Amino acid sequence: MSGLEIFNVFILIFLVVAAVISLRVKDLLTASMIFGIYSFLMCLLWAEMGAVDVAFTEAAVGAGVSTVFLVATVFNVKRRSSD
Amino acid sequence: MRKLALVVAVLTGALLLYAATDFPMWGDPESPASASPISKHFIAKTGVDTEVPNMVTAVLADYRGFDTMFETIVIFIAGMAIIAILKRTGADADKPATKRENEVAAAPDLIVTNTVRLLVPVIQLFALYVLAHGHVSPGGGFQGGVIMGASFILVALAWDLPTAMDRLSVDRAVMLASVGILLYAGIGLFSMLLGGEFLDYAELSHVLPVSREMARYHAMLGVEIGVAFTVTAVMFAIYANLSTQGRLEGGL
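For the protein sequence lines, the chains are A and B, in the order given.
In terms of our numbering, the first sequence opens at residue 15 and continues consecutively.
In terms of our numbering, the second sequence opens at residue 887 and continues consecutively.
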């Protein structure tokens, strides 16, 4: 496999791992951070595929503003997930 | 019950993966997205019709400008909905806020405030650059607006929310959002008054001393500025209401 495909496979594996972790972890603040990580990995994938506008938007919105909103919400409710 | 949910989720995932094997290879010139006549039309005609090198922005703001206008209106409605749900006025304004766990009343930290003081002008300048340069490089109105809104959120995080609201209060943010949509729809209506269809930017060449292609270029910039106004205002208004449960005091 060429280097680019290995890169893609790595990022996709990280995506699945991040998704599973964000569901299993009990601390909601950690889960918000993992959402941000997921967003940033998607941004990397799109930038590698050549869709730079989409990657730019995802970086600004997902790894920037959306994570801040989630953290602000978590700060206002209990930090421990009840399930 | 949760086992059933797990089975359903796994089955759906397997079905999606099976469907994904049917996709064309990435970069395939025969795939429906590349070989359709619409794609060929856009790729061939964007430079000729509008003189905008960035085809993504040209399709977003000119060929499919109607969709972008409604996307902006959707963002505006989302901001209004959050303000309407969270903001406390009238009889509710006197109830004490629920106590947050780990609430620490901290003074603004020296290192953070000085770093942010240096960074925020650069961030805002970069946001304006992204907005203005969206015609030739990746970017455009939406990205620039989000970065600008995030710069205000950064000020609110480094000091506290009243410091940021001195610079952009929620009332003014709502007005800014409305002005953005007014700008977008206004350019469309203005084109209609000049004899074209709604959002037919080429008609603006009757009032501006430019050719028809450059009229579309400049109208696209105006439209992107409208989108940026709305997105900036909505991002900050959502943060202000979300972090303080609608009370707009205290802060994160």
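No lab work stands behind these hints, which were simulated from the structure alone.
Please note: incorrect hints may appear among the correct ones.
Among the chain A residues that face chain B by a calculated CB cut under 8 angstroms, a handful are [as the list claims (entries may be wrong)]:
#, residue
1, 42
2, 45
3, 59
4, 60
5, 67
6, 71
7, 77
8, 78
9, 79
10, 81
11, 82
12, 83
13, 88
Ranges of calculated distance between the beta carbons of each label pair, as one might list FRET restraints [as the list claims (entries may be wrong)]:
#, chain 1, residue 1, chain 2, residue 2, range
14, B, 1022, A, 90, 40 to 46 angstroms
15, A, 28, B, 997, 28 to 34 angstroms
16, B, 890, A, 91, 23 to 29 angstroms
17, B, 934, A, 44, 32 to 38 angstroms
18, B, 1049, A, 19, 47 to 53 angstroms
19, B, 1072, A, 19, 44 to 50 angstroms
Predicted model, so just to flag it, every value in this text is computed and none were measured.
Backbone N, C-alpha and C fix where the C-beta goes; we use that ideal spot for every residue, glycine too.
To see whether the hints hold, each was checked on the structure:
1. 42: violated (12 angstroms)
2. 45: violated (16 angstroms)
3. 59: violated (11 angstroms)
4. 60: violated (11 angstroms)
5. 67: holds (5 angstroms)
6. 71: holds (6 angstroms)
7. 77: Violated, because the Cβ-Cβ distance from residue 77 of chain A to chain B comes to roughly 10 angstroms (cut-off 8 angstroms).
8. 78: Holds, because the Cβ-Cβ distance from residue 78 of chain A to chain B comes to roughly 5 angstroms (cut-off 8 angstroms).
9. 79: holds (6 angstroms)
10. 81: violated (10 angstroms)
11. 82: At 6 angstroms from the nearest chain B Cβ, residue 82 of chain A passes the 8 angstroms test, so the hint holds.
12. 83: Since the shortest Cβ distance to chain B is 6 angstroms, the answer is holds.
13. 88: violated (10 angstroms)
14. B/1022 x A/90: 40 to 46 angstroms: holds (42 angstroms)
15. A/28 x B/997: 28 to 34 angstroms: For residue 997 of chain B against residue 28 of chain A, whose Cβ atoms are near 32 angstroms apart, the range 28 to 34 angstroms holds.
16. B/890 x A/91: 23 to 29 angstroms: holds (28 angstroms)
17. B/934 x A/44: 32 to 38 angstroms: violated (52 angstroms)
18. B/1049 x A/19: 47 to 53 angstroms: holds (49 angstroms)
19. B/1072 x A/19: 44 to 50 angstroms: holds (49 angstroms)
Hint violations for this structure: numbers 1, 2, 3, 4, 7, 10, 13 and 17, all remaining hints satisfied.
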